Amino acid sequence: MKILISGGSGFLGGAIINKLGVNNKFIILGRTNSNYSRLENLDHVFYNIDECNISKIYKKEKPDLVINTASNYGRANESFTQVVKSNVIYGLELYENAVNHNVKVFLNIDTFLDRNLNIYSLSKAQFRDWLRINKSNTHVINLRVEHIYGPDHDTNKFTGWLLNKMLYEDEIIELTSGEQKRDFIFIDDLIDLIGILLNQYSPNKPYLEMDVGSGHLVTMREFIEKLASMVERETNKNILDRLGFGKVPYRINECMHPLLDYSKTKEMGWESKTTLDLGLETIVNQILLK
205 MKILISGGSG
215 FLGGAIINKL
225 GVNNKFIILG
235 RTNSNYSRLE
245 NLDHVFYNID
255 ECNISKIYKK
265 EKPDLVINTA
275 SNYGRANESF
285 TQVVKSNVIY
295 GLELYENAVN
305 HNVKVFLNID
315 TFLDRNLNIY
325 SLSKAQFRDW
335 LRINKSNTHV
345 INLRVEHIYG
355 PDHDTNKFTG
365 WLLNKMLYED
375 EIIELTSGEQ
385 KRDFIFIDDL
395 IDLIGILLNQ
405 YSPNKPYLEM
415 DVGSGHLVTM
425 REFIEKLASM
435 VERETNKNIL
445 DRLGFGKVPY
455 RINECMHPLL
465 DYSKTKEMGW
475 ESKTTLDLGL
485 ETIVNQILLK
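Okay, so the sequence shown: first residue is 205 according to the working numbering, each after it adds one.
Incorrect hints may have been included.
List time: in silico DSSO-like cross-link candidates among lysine-lysine, alpha-carbon distance up to 30 Å [unchecked claim]: (1) LYS430 x LYS361; (2) LYS409 x LYS266; (3) LYS430 x LYS206; (4) LYS223 x LYS264; (5) LYS289 x LYS339; (6) LYS289 x LYS263; (7) LYS339 x LYS470; (8) LYS451 x LYS430; (9) LYS470 x LYS229; (10) LYS451 x LYS223.
Hints were generated in silico from the structure; no laboratory data involved. As the structure is a computational prediction, the values presented were derived from the model and not from experiment.
Throw the hints in and build the complete structure from the sequences for me.
This is the structure:
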């Protein structure tokens with residue numbers, strides 16, 4: 205199967221390629237500054253969209269499926285325009301070309317964050333609004349994922365940032381009070397679901413939306429303290445005493461208790477297999493091997 209994927213150099217995109225690339229050929233869309241060092245196998249087709257016409261890529265490669273994992277979080281002082289171009293305009297270009305070239309399925313990785321939380325969540329919600337009006341023969345599957353974690357997490361995302369603070373700094377780690385609850389899903393479990401959707405699932409309507417998670421809500425404080433305890437035990441670094449809970453205020457429109465609807469994944473017979481303890485242990489063990 206030929207799968208066109210955006211964001212292939214990223215945390216999730218790279219893991220999808222590594223896990224599903226054995227039985228599928230990936231057409232990887234990146235940019236001039238994309239770093240593919242996380243990919244285990246480079247026997248795929250690469251395109252630099254800064255230099256290539258996306259429509260011509262579709263016409264030449266004729267993908268069966270499209271996975272959109274590309275995201276701009278707006279954490280590097282990007283303008284509103286830059287974030288919208290990445291998360292809305294680029295996404296629409298991928299989607300419209302999928303429709304125009306008769307691609308079977310367009311799978312989009314979305315967020316469960318409140319649309320009014322920040323410019324990232326607003327732009328992702330705006331793209332979701334466009335996908336929801338799909339009436340084409342290209343089936344759209346939109347996965348609203350709460351919080352993905354796993355090995356090789358980028359330092360510009362929460363888990364990677366937190367590990368970097370724990371391992372390589374000695375100052376107090378400034379955090380919120382940590383009472384907001386989140387559903388942390390291990391990256392391998394999410395990819396397992398994606399593999400099922402791409403290979404075994406036949407959508408019966410133009411647009412399908414699924415909330416995806418482990419099915420278990422924990423507070424941010426519990427997640428942080430579990431990870432800190434494991435890292436402290438294995439490295440003998442003083443970490444628990446440096447957790448500065450309550451030093452950062454909650455964001456405006458912060459969701460304290462997300463209400464996810466797991467019914468569609470349950471109907472498929474899918475469930476997350478990795479417990480939080482096992483997932484965090486996997487991350488810590490990988491760090492120790494480096």
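Numbers of the earlier hints that this structure fails to satisfy, in rising order: Structure breaks hints 3 and 10.
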